[in-house]
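Protein chains in written order, with the numbering used here: chain H, 1 to 450; chain P, 1001 to 1185.
Please keep in mind that the hints were generated in silico from the structure rather than gathered at the bench.
A hint or two may mislead.
Stated by the list, open to error - What the simulated footprint calls covered on chain P by chain H, stretch by stretch (three residues with Cβ under 8 Å from a Cβ of chain H suffice, anywhere in the stretch; the number is not a length):
{"#": "1", "segment": "1054-1061"}
{"#": "2", "segment": "1079-1091"}
Unchecked claim - Some chain P residues flagged as far from chain H (calculated, every beta-carbon gap over 12 Å):
{"#": "3", "residue": "Glu1015"}
{"#": "4", "residue": "Gly1029"}
{"#": "5", "residue": "Arg1033"}
{"#": "6", "residue": "Asp1040"}
{"#": "7", "residue": "Ser1104"}
{"#": "8", "residue": "Gly1112"}
{"#": "9", "residue": "Leu1119"}
{"#": "10", "residue": "Leu1121"}
{"#": "11", "residue": "Lys1160"}
{"#": "12", "residue": "Gln1161"}
Here a beta-carbon is modelled for each residue, glycine too, at the ideal position from N, C-alpha and C.
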Amino acid sequence: MRKHWEILVVDDEPVMRESLAEWLAEDGYSVETAASGQEALAKAAVRDYAIYFLDLKMPGIDGIETMLEIRKRHADASVIIMTAYATVDTAITAMKEGAQEYVVKPCSPEEISLLVERIIKVKNLQRENLILRKKLSKHYSFHDIVSKNPKMVEIFDLIRDIASLRSTVLILGGSGTGKELVARAIHYSGNRADKPFVAVSCAALAETLLESELFGHEKGSFTGANDRKRGKFEMADGGTIFLDEIGDISPKLQVDLLRVLQERSFFRVGGGEEVKVDVRAIAATRVNLQEAVAAGTFRDDLFYRLNVITIQIPPLRDRREDIPLLAHSFLDRLSHELGKDVHEISESALKLLLDHEWPGNVRELENAVERALVTARTHVLTEEDFGFLQQAKTSNGWVAPDNVLLDDVQRQVIMATLRRTNGNIKEAASSLGIDRSTLYDRMKKYAIER
Amino acid sequence: MAVIAVAAAGPAEEEAIAYAEVCLSTTFGMETRRLGPFPDPEYAYDAARNQYSSTLVLREALDRRPADALKLMVITDHDIFIPMLSFVYGQAQLNGPAAVLSLSRLRQEFYGLPPNHALFLLRVRKEALHEIGHCFGLTHCSDPLCTMRLSTNLQLLDEKQAEFCGDCATLLRDAINTSTTGAIK
Ligand SMILES: [Zn+2]
Ligand SMILES: [Zn+2]
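Based on the sequences and whatever the hints tell you, model everything.
See the structure below:
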């Protein structure tokens, strides 16, 4: 039970460190020793110890300095500073710098044994909580989607039911709700799981590029097409293609897509040979396709083709019970990835997370946990670590990135708007609230092409 | 047959040593052999503390261990310590060949109390089994009655029994089996 905890004893005096190490080993801990601060840091660089016994006075790096260095790597390392030169001052310094305890040698066996026992008890408890939480999140998770919300649980059931069908699925949900995770869950719980899952973001690419991305192209079909290239539909043969942001595709591509969904075949760009594929399509969108159909920007026949099975993912604010679960699951994964020893979220921090509106949904929560984790100074994420959420709230949800130039912002906004309107100047200008000549001026100024 | 050697280092009460020998022999099922007394460990004396370093006594003992002795128990009347701690009742090498035991703090007289010889011998038995238990690889046990429980004061020492709990007895049997078959080879 105790054996998995490791202790490092650091003292320049051999008899001192060896005898303490032997004494602690009798308790069942695996104990290592280091003769200097430098050696201790080298050992702490390759593994984390449950407790560090550090002699205060050592040649080279002293105990407090060693502790501070260790803390940089292991934020919640338990450090016991040992000293024979007991003065109130050094004791206070050590405590201020974050030493868990301060012992004056020689001290009674009872004192040391109680101290070690207490620290290990806390460590055991933390580890148990972690294991418990992992079990809990496993219990509430389905292919990486974590939820105990009734609507989400219904979605899990629906995914299981439709996983092995060939029907097209349309996933609706705001940005960051995890539409791709749902698509993956469908793919990996169905009979195509051993075949490829290919994701394409339709919003990211211009029309011609997207076309060749989806269907591939023949050599020399356009400038830069030096080789024949397989498209995503070919790559996904036998498996699933996930078409994200389907609402953003151009009228021409809508026709091509409809064809491939109906005929299960297509032509590569610049090619005359018909390519047959067996692909299940899952599409996703954050815009209201029905409105787009009504407005004439989205083909109704394609809409009905896609809308065979619809999954509507609720926004995070409608499934608040998932916030603690998700936050902890992100924390467990990210702390591991970032090599941070943080495994708790304080009560007040959780309350803050529960109260937040989360316009960016699950992805925003994930980003928030990552951001808090990066700056966290203790082993618990506190309200202060999430302070940026409150800042965002007081400034109407808009947070200016560091060193941002106004010209840059204008340029980006204009480019994004033009992309959305497929280069339609009139539409873009009206959407931006400026007249066409102003828009042309700006485009010239920022060297933007339609 | 495997042997546990027993020796006095400096002054050590004869009756306590003889009793420890009996306890070790019956509990571990091995022959014990009394070695001639080791010299008084002056080298281990710390004048500032008026105590003897158990680590240094142990090191010296290792050099004097007969080749055929599986374990060696050194007993002394001197009060012993390790630098970090104000005192220790004994010190053993975990999974190693030697252990040292001090009689000094096992006597009621040490604390200004009237002598109680029977109680003293019972403590000797507990500590002797405990330290040699370490030499066979046993670590501290959470069973409050088990002799492998850590005792950092007399109260804890007196509370526990002079026996190994079931778990420790099992571990001990395995350890003895491996170490004695190893010794024959
Ligand atoms: Zn012990
Ligand atoms: Zn036991």
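We went through each hint and held it up to the structure:
no.: 1; hint: 1054-1061; result: holds (count 3)
no.: 2; hint: 1079-1091; result: holds (count 9)
no.: 3; hint: Glu1015; result: holds (27 Å)
no.: 4; hint: Gly1029; result: holds (23 Å)
no.: 5; hint: Arg1033; result: holds (25 Å)
no.: 6; hint: Asp1040; result: holds (20 Å)
no.: 7; hint: Ser1104; result: holds (15 Å)
no.: 8; hint: Gly1112; result: holds (18 Å)
no.: 9; hint: Leu1119; result: holds (20 Å)
no.: 10; hint: Leu1121; result: holds (23 Å)
no.: 11; hint: Lys1160; result: holds (15 Å)
no.: 12; hint: Gln1161; result: holds (19 Å)
Violated hints for the displayed structure: none, as all numbered hints are satisfied.
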